[in-house]
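Assemble chain B onto chain A, guided by the hints.
So the protein lines, in turn, are chains A and B. The first sequence begins at 1 in my numbering and counts up by one. The second sequence begins at 1 in my numbering and counts up by one.
Hints listed in this document are in silico derivations from the structure and should not be mistaken for laboratory results. Among the clues, some could well be false.
Same chains, same names: a pair is fine if it fits in one copy or spans any two.
Straight line, CA to CA, 30 Å or less: simulated DSSO-like cross-link-like pairs of lysine-lysine [unchecked claim]:
1. K132 to K74
2. K334 to K507
3. K574 to K507
4. K531 to K507
2 protein chains.
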Amino acid sequence: MENEKQEILNHSATHIMMQALSRLYGAIPGVGPAIENGFYHDFEAEHQVTEKDLPAIEAEMKKITKENLPIERKMLPIDEAIKLLKKKKYKYTVELAEELKQQGETEVSFYDQGEFSNMCRGPHLASTGELKVFKLMKIAGAYWRGDAKNKMLQRIYGVAFATKEELADHLKMLAEAEKRDHNKLGRELGLFITSELIGQGLPLFTPKGTIIQQTLRRWIEDEEQKRGYQLTMTPFMAKSDLYKVSGHWDHYRDGMFIIDASGEEMALRPMTCPFQFQIYNSQLRSYRDLPIRYNETSTLFRNEESGEMHGLIRIRQFTLSEGHLICRMDQLEKEFEGVLDLINYVMKTLRLEDYTYRFSKWDPANKKGKYIDNAPAWEESQKVLKKILDKNKLVYTEAEGEAAFYGPKLDIQMKNVYGKEDTIITVQIDFALPERFDMTYIDQQGKKVRPIIIHRSSIGCYERTIAMLIERYAGAFPTWLSPVQATIIPVSEKFVDYGNEVLGQLKDAGVRVEIDDSDESLGKRIRNAEKQKTPYILVVGEKEVEAKEVAVRKRGVGDLGSQKIEDFEKTILKEIKERLSE
Amino acid sequence: MENEKQEILNHSATHIMMQALSRLYGAIPGVGPAIENGFYHDFEAEHQVTEKDLPAIEAEMKKITKENLPIERKMLPIDEAIKLLKKKKYKYTVELAEELKQQGETEVSFYDQGEFSNMCRGPHLASTGELKVFKLMKIAGAYWRGDAKNKMLQRIYGVAFATKEELADHLKMLAEAEKRDHNKLGRELGLFITSELIGQGLPLFTPKGTIIQQTLRRWIEDEEQKRGYQLTMTPFMAKSDLYKVSGHWDHYRDGMFIIDASGEEMALRPMTCPFQFQIYNSQLRSYRDLPIRYNETSTLFRNEESGEMHGLIRIRQFTLSEGHLICRMDQLEKEFEGVLDLINYVMKTLRLEDYTYRFSKWDPANKKGKYIDNAPAWEESQKVLKKILDKNKLVYTEAEGEAAFYGPKLDIQMKNVYGKEDTIITVQIDFALPERFDMTYIDQQGKKVRPIIIHRSSIGCYERTIAMLIERYAGAFPTWLSPVQATIIPVSEKFVDYGNEVLGQLKDAGVRVEIDDSDESLGKRIRNAEKQKTPYILVVGEKEVEAKEVAVRKRGVGDLGSQKIEDFEKTILKEIKERLSE
Numbered sequence: 001m002e003n004e005k006q007e008i009l010n011h012s013a014t015h016i017m018m019q020a021l022s023r024l025y026g027a028i029p030g031v032g033p034a035i036e037n038g039f040y041h042d043f044e045a046e047h048q049v050t051e052k053d054l055p056a057i058e059a060e061m062k063k064i065t066k067e068n069l070p071i072e073r074k075m076l077p078i079d080e081a082i083k084l085l086k087k088k089k090y091k092y093t094v095e096l097a098e099e100l101k102q103q104g105e106t107e108v109s110f111y112d113q114g115e116f117s118n119m120c121r122g123p124h125l126a127s128t129g130e131l132k133v134f135k136l137m138k139i140a141g142a143y144w145r146g147d148a149k150n151k152m153l154q155r156i157y158g159v160a161f162a163t164k165e166e167l168a169d170h171l172k173m174l175a176e177a178e179k180r181d182h183n184k185l186g187r188e189l190g191l192f193i194t195s196e197l198i199g200q201g202l203p204l205f206t207p208k209g210t211i212i213q214q215t216l217r218r219w220i221e222d223e224e225q226k227r228g229y230q231l232t233m234t235p236f237m238a239k240s241d242l243y244k245v246s247g248h249w250d251h252y253r254d255g256m257f258i259i260d261a262s263g264e265e266m267a268l269r270p271m272t273c274p275f276q277f278q279i280y281n282s283q284l285r286s287y288r289d290l291p292i293r294y295n296e297t298s299t300l301f302r303n304e305e306s307g308e309m310h311g312l313i314r315i316r317q318f319t320l321s322e323g324h325l326i327c328r329m330d331q332l333e334k335e336f337e338g339v340l341d342l343i344n345y346v347m348k349t350l351r352l353e354d355y356t357y358r359f360s361k362w363d364p365a366n367k368k369g370k371y372i373d374n375a376p377a378w379e380e381s382q383k384v385l386k387k388i389l390d391k392n393k394l395v396y397t398e399a400e401g402e403a404a405f406y407g408p409k410l411d412i413q414m415k416n417v418y419g420k421e422d423t424i425i426t427v428q429i430d431f432a433l434p435e436r437f438d439m440t441y442i443d444q445q446g447k448k449v450r451p452i453i454i455h456r457s458s459i460g461c462y463e464r465t466i467a468m469l470i471e472r473y474a475g476a477f478p479t480w481l482s483p484v485q486a487t488i489i490p491v492s493e494k495f496v497d498y499g500n501e502v503l504g505q506l507k508d509a510g511v512r513v514e515i516d517d518s519d520e521s522l523g524k525r526i527r528n529a530e531k532q533k534t535p536y537i538l539v540v541g542e543k544e545v546e547a548k549e550v551a552v553r554k555r556g557v558g559d560l561g562s563q564k565i566e567d568f569e570k571t572i573l574k575e576i577k578e579r580l581s582e
Numbered sequence: 001m002e003n004e005k006q007e008i009l010n011h012s013a014t015h016i017m018m019q020a021l022s023r024l025y026g027a028i029p030g031v032g033p034a035i036e037n038g039f040y041h042d043f044e045a046e047h048q049v050t051e052k053d054l055p056a057i058e059a060e061m062k063k064i065t066k067e068n069l070p071i072e073r074k075m076l077p078i079d080e081a082i083k084l085l086k087k088k089k090y091k092y093t094v095e096l097a098e099e100l101k102q103q104g105e106t107e108v109s110f111y112d113q114g115e116f117s118n119m120c121r122g123p124h125l126a127s128t129g130e131l132k133v134f135k136l137m138k139i140a141g142a143y144w145r146g147d148a149k150n151k152m153l154q155r156i157y158g159v160a161f162a163t164k165e166e167l168a169d170h171l172k173m174l175a176e177a178e179k180r181d182h183n184k185l186g187r188e189l190g191l192f193i194t195s196e197l198i199g200q201g202l203p204l205f206t207p208k209g210t211i212i213q214q215t216l217r218r219w220i221e222d223e224e225q226k227r228g229y230q231l232t233m234t235p236f237m238a239k240s241d242l243y244k245v246s247g248h249w250d251h252y253r254d255g256m257f258i259i260d261a262s263g264e265e266m267a268l269r270p271m272t273c274p275f276q277f278q279i280y281n282s283q284l285r286s287y288r289d290l291p292i293r294y295n296e297t298s299t300l301f302r303n304e305e306s307g308e309m310h311g312l313i314r315i316r317q318f319t320l321s322e323g324h325l326i327c328r329m330d331q332l333e334k335e336f337e338g339v340l341d342l343i344n345y346v347m348k349t350l351r352l353e354d355y356t357y358r359f360s361k362w363d364p365a366n367k368k369g370k371y372i373d374n375a376p377a378w379e380e381s382q383k384v385l386k387k388i389l390d391k392n393k394l395v396y397t398e399a400e401g402e403a404a405f406y407g408p409k410l411d412i413q414m415k416n417v418y419g420k421e422d423t424i425i426t427v428q429i430d431f432a433l434p435e436r437f438d439m440t441y442i443d444q445q446g447k448k449v450r451p452i453i454i455h456r457s458s459i460g461c462y463e464r465t466i467a468m469l470i471e472r473y474a475g476a477f478p479t480w481l482s483p484v485q486a487t488i489i490p491v492s493e494k495f496v497d498y499g500n501e502v503l504g505q506l507k508d509a510g511v512r513v514e515i516d517d518s519d520e521s522l523g524k525r526i527r528n529a530e531k532q533k534t535p536y537i538l539v540v541g542e543k544e545v546e547a548k549e550v551a552v553r554k555r556g557v558g559d560l561g562s563q564k565i566e567d568f569e570k571t572i573l574k575e576i577k578e579r580l581s582e
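Here chain A stands alone, though its shape is the one from the complex (with noise of 0.2 Å):
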């Protein structure tokens, strides 16, 4: 219900809106929702609004409201509608209304306020002196209807609620989050660029963000090595013959990229299944030799729209932790079990505890182009997995149409900083692609038998985890992760000899230490490095040279007093390998 008048409070205010645009610069409409916090409305008008415009905006508005125009909904027969919106010149809601028609839709409903009516499935408040609160936030441009080809049309996203209290709540979350969002953040902390020249959706790990990754990568190779994965490398692009077997030919082409490699057809590749498959069906396999566990840390490419692309969360070449594993039919249960033991283990080490499960079924509606269609393997491994999940006693949400096309999933969901739900792990049940591959193995019986396939993640994609991280952490990542774990920094100049023979000391340890010897303050030096989010500050002067000793301040402690080198080198080695957070 809370959701319900919320969605409402949202709807009118993009009319109020859209009606002030239309008075102050005639604005022609193009869509206006309500979304995920708030609402947004494009539109075409001569003026190019700018934020300066936003307060005249509102101030319109909010004489709208005062006005206590009534809303009223009306029917009208499709044809009528059409040769209204065409006399208005709506040409963006002439086309909406076109499309209506050609789906066979005989009337649509109008709401109207005043002199500005438009057509709109609603609901909306009863009249627009009801809206008390609201915000314009910001503009944006966005191409008609998504597409590139089409005209750019002006946008401005708003916000709109019951009270005061609840803006407030909302701005200061928003303040918040913008301070965490990664975007943001990982730039200042110099985690990653983006270059004009590379494009968009690209980006680039510096060597502080690279650290990260590296370390990330080698603590899960590791962990699923000990937990029996086998580590595969396979090649970033096939002919799309491959892809023809698996189905990403027929259900996938559109997110692939396709290469024309000297008359030969090839596409880099959207997932890393098939590449491991080969690796199985290269050899003669028994029920002795499963459950086979493949993983591998897999570059793919997804082909997104320009306009889709985001900071580390979208982005057109990324890295997952992926892996396959072929079990018979008897193995399936221990082995989801370990998979989701797995994902618990990465998430709780990495303090990202706070997820939630969703279960993704196929929609046999859409079965033709989104699925592999196979009703019974689609019934088959539905009924299969929501036996594990319950028996496992998982709370989930079911979510129709979101399956892989070949198989259900269980997803492991996260909301980013400013509440907006991602999907940041997958774990699908697969009996389709061992058919479409003819995967085989040989049973007691020396019968030649199907495994089951589950494809798995355990810490997700790489990129997107990291944006997790800093804007979980807040930049402040836990000292096995910083790129720069300890900063050193002398009192004066003639300290720095000493401050060098630490820092030969701690690196030769392993530790990933830095030295400030520049000619700032050392105030402005330690105020840098705490801007930097380094777990431990080192400073050192007389007293820690005579004592070899380094003065040691932990971010988020403060000071620690002095220290034998010996014992902070203890401290931290042991920080850094049990992985531990603050």
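What follows is chain B alone, placed relative to chain A:
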């Protein structure tokens, strides 16, 4: 002189073989050059020659040498030559002659022996009787002019020698080489596979092969970090804009995979340089920041022609230990020497010490197409490189026209098991790209200055280096690189539990260890482990269980007797940690 004699032998052998093929099958000749280690001739014939036909062809060749036909050279005006070739229906040779005419040749040489005559540059023997020792080696198919759009011709390879001893030596070398050939042995040891569905030049590393790559990669990344390198992770594709600035678009486009990314022109990267330069350019750099040493375990792509791909050596995707040192002119020499020292350390550790140096320069006559057209930069960088090489007393050959398009190189050359030389590492000095990317640093006077760049590798491309290692070690990798470092073999089923105990203990210590508790006999299991070239075989029976020992067999050494598990553990861990060779 020796080489010239050998080449004449090869030349004459091709004609004698072609003469035999004409007599036996009415074959029409294509091209037939002398090559490294022998010769081949392409031809068209209705009869499909198989390996079984080779003795008959050799017999006919023997007959021709017995006939001792005089070999006579004659010069023909080009039009007369074409007329003669047309009359003989040598359609492929007609094509070649017409091309020579277009290039302005007015006369060409023919060699006649008995009824056989063909256009040829020569030189040849004086008579067919002078060819004493020859052997046909293998058959193949080859498109006319190497173009898949043309007709597929037949090809026979052969060798010719002055003495029987030389032939015997050659065959012995070949037999030994074949056993070590990475493309054969690497597959036999289960290190990599290829897949028809994925395509040529795209090997898949199995778990065993991947462990080798992972071990090398971690070693190199750690060693480079110790030497002050900073690891980056940059995307594998970019807009064509980037390559237009770097010059790849003009000088290297044919070698690249081009992608149409929803209307944006992009390409997979053939080199990492322009990507790392974006990171350099993302900040203002001071003379105090230099040298900056970037490295990346970098995946690259080259659009190789189908016919050129081979094993792990010529592939479409490979991973290079690629780095760029960005330095001041006064740092160049020291940095270059640091690079040489690192390469030397890596090659020594891998026991790949029989490399040679090649100084690859540009070809001023070909500067328009192949090279960045900046003669002063070329002269300067070649002068600087030569000075450093001479100062370091390196013995090198010079190769004109083998430079990178942006600068001269020092190539580290190594021969494969067949004696074919390949470049496995390059180091380049580059004055051109800093200009193109407008890279600068601020000098002590506050002025913007261009840095100089050293492009370098340390271990080369992992695939190619692993190929070399397979051949050098004949598959017997030193313990630290072995996919399986020890195999535990229980004498009988009774000792499997104890075997698993040893397995657990060694695994926990970080040793890659397997147990073979299959139903095979003890002898068979030991032979299997030996065939897999496992460095240590640990047999466990009654005596070992009681004494908590393992009976150790060391590869290449033999039985070492029984040892306490702890003692063996200490020995093997030391061997792994110190990367010892036998």
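ask   = Broken hints, numbered, in rising order?
value = Of the numbered hints, all hold.
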